[in-house]
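The chain contents come next:
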Amino acid sequence: GAVVSQHPSWVICKSGTSVKIECRSLDFQATTMFWYRQFPKQSLMLMATSNEGSKATYEQGVEKDKFLINHASLTLSTLTVTSAHPEDSSFYICSARRSWDRFSGANVLTFGAGSRLTVL
Amino acid sequence: EDKVVQSPLSLVVHEGDTVTLNCSYEVTNFRSLLWYKQEKKAPTFLFMLTSSGIEKKSGRLSSILDKKELFSILNITATQTGDSAVYLCAVGEQTGANNLFFGTGTRLTVIP
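Here the protein sequences come in this chain order: F and Y.
Residue numbers for the first sequence follow my numbering, beginning at 1 and rising by one.
Residue numbers for the second sequence follow my numbering, beginning at 121 and rising by one.
Hints were generated in silico from the structure; no laboratory data involved.
One thing to keep in mind: the hints can contain errors.
What the hints assert, rightly or not - Simulated restraints, written as ranges between beta carbons of each label pair:
#	chain 1	residue 1	chain 2	residue 2	range
1	F	K41	Y	K187	15 to 21 angstroms
2	F	L120	Y	T229	45 to 51 angstroms
3	F	D65	Y	T197	47 to 53 angstroms
4	Y	D137	F	F39	26 to 32 angstroms
5	F	L68	Y	D137	24 to 30 angstroms
6	Y	G173	F	Q29	31 to 37 angstroms
Positions of the beta carbon are idealized from the N, C-alpha and C atoms, including for glycine.
So here's chain Y without its partners, still in its complex pose (with noise of 0.2 angstroms):
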């Protein structure tokens, strides 16, 4: 059965802190690993990572991919309150259908 899974679920961190959010797979015929933002409505996109070991970067967050391992981590540097909000993680397989799979997300509070 395939399977996305997260950690932690929660996580409460001051302004500055610098958090790492992890996501496990297990998805038959990987195609890629998707990170969403998701506040109080709709999920917005972050990164797309295909490949192992390549860092994506965007402002303060980065991501990378370890499809040895069958993980990936989601950076965030000196966290803002704005920051605050469930991040998702999903996997995509080398279907037709292109389904996401999702994990529970990680939900992160930046306190003041």
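This is chain F alone, in the form it adopts within the complex (with noise of 0.2 angstroms):
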């Protein structure tokens, strides 16, 4: 149980263009999600923290309307990189927290497969 499942795994676009990432949780509902960023030989940088039926939190140095997040279902989050620039290259990953871990107070967070954003 708890799969998380993330499109497209691999993208590449034009300069200038908007590309979208989603994040399903296939067997569980998440009211929360969280994306991260990772670059070549780096950690995961907490990008933005997603909850259903509300605006996203972003972290300090994240651009708001430049990575627009949408979690409009329990089982569904998207991120859409408007106007992408070479330097947005990356690979970004969507974990989810089951939602009945709140609770508990349990943070085991299942991850994406990941998506590796190209820009040209």
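Both chains are given apart, each in its own frame, so use the hints to dock them into the complex.
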């Protein structure tokens, strides 16, 4: 159980275009999802926390108008990179916390397989 | 500022060797420490530690937490080439946001 699907796994786009990445929890409901960015040989850097039915909470230094996050249902969060530029090229990973872990206090996250974005 | 530091950054060993990976942290309102294994893509969960001195074990992998000294170790015995990966340490807070702070990882390479 606890599978998170992320799509697409690989995308190449031209500079100035927008790209949408989807993160789905397949067999559980996720009230909270997290979006990370990972550069080569570096760790995961949290970009934003996505809460179902409310606005995302962005980490300091992350442009909310550039990285649009929508969490419209309990099983889907999307990250849209708007007007992408080559410096946005990176590996983007989402993770989800199962909704029933909220009261137990357990914060084990299930990760998607990641999406590699290359902006030409 | 919250910080999770892992050492060594990189490690190369021969099959059969035993390795110890280190993770130290400075996090406000500590709740738990987690270890993940990242191969080519998504990190996969290994252990979650919340109490000091209690060893978690899964096959050849084991981990323990010291909340007084603020560190954890991950041991891998009788290493195999399939253990080659980046091992990430993450620390969770006692907040509703349930965020995890990740270390930069230790890249383990096991050669035959």
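* To do: Mind checking the hinted window 15 to 21 angstroms against the Cβ distance between K41 of chain F and K187 of chain Y?
  => violated, 30 angstroms
* To do: Check the following: the C-beta atoms of L68 of chain F and D137 of chain Y are separated by a distance inside 24 to 30 angstroms.
  => violated, 47 angstroms
* Cβ-Cβ distance between D137 of chain Y and F39 of chain F: within 26 to 32 angstroms? -> holds, 30 angstroms
* To do: With 31 to 37 angstroms as the target window, see if G173 of chain Y and Q29 of chain F comply at their CB atoms.
  => holds, 35 angstroms
* Could you see if the CB distance from D65 of chain F to T197 of chain Y stays within 47 to 53 angstroms? => Holds - the Cβ-Cβ distance for D65 of chain F and T197 of chain Y, about 50 angstroms, lies within 47 to 53 angstroms.
* Check the following: the C-beta atoms of L120 of chain F and T229 of chain Y are separated by a distance inside 45 to 51 angstroms. => Since L120 of chain F and T229 of chain Y have Cβ atoms about 32 angstroms apart, the given range 45 to 51 angstroms is violated.
This entry does not satisfy hints 1, 2 and 5, going by the numbered hints stated previously.
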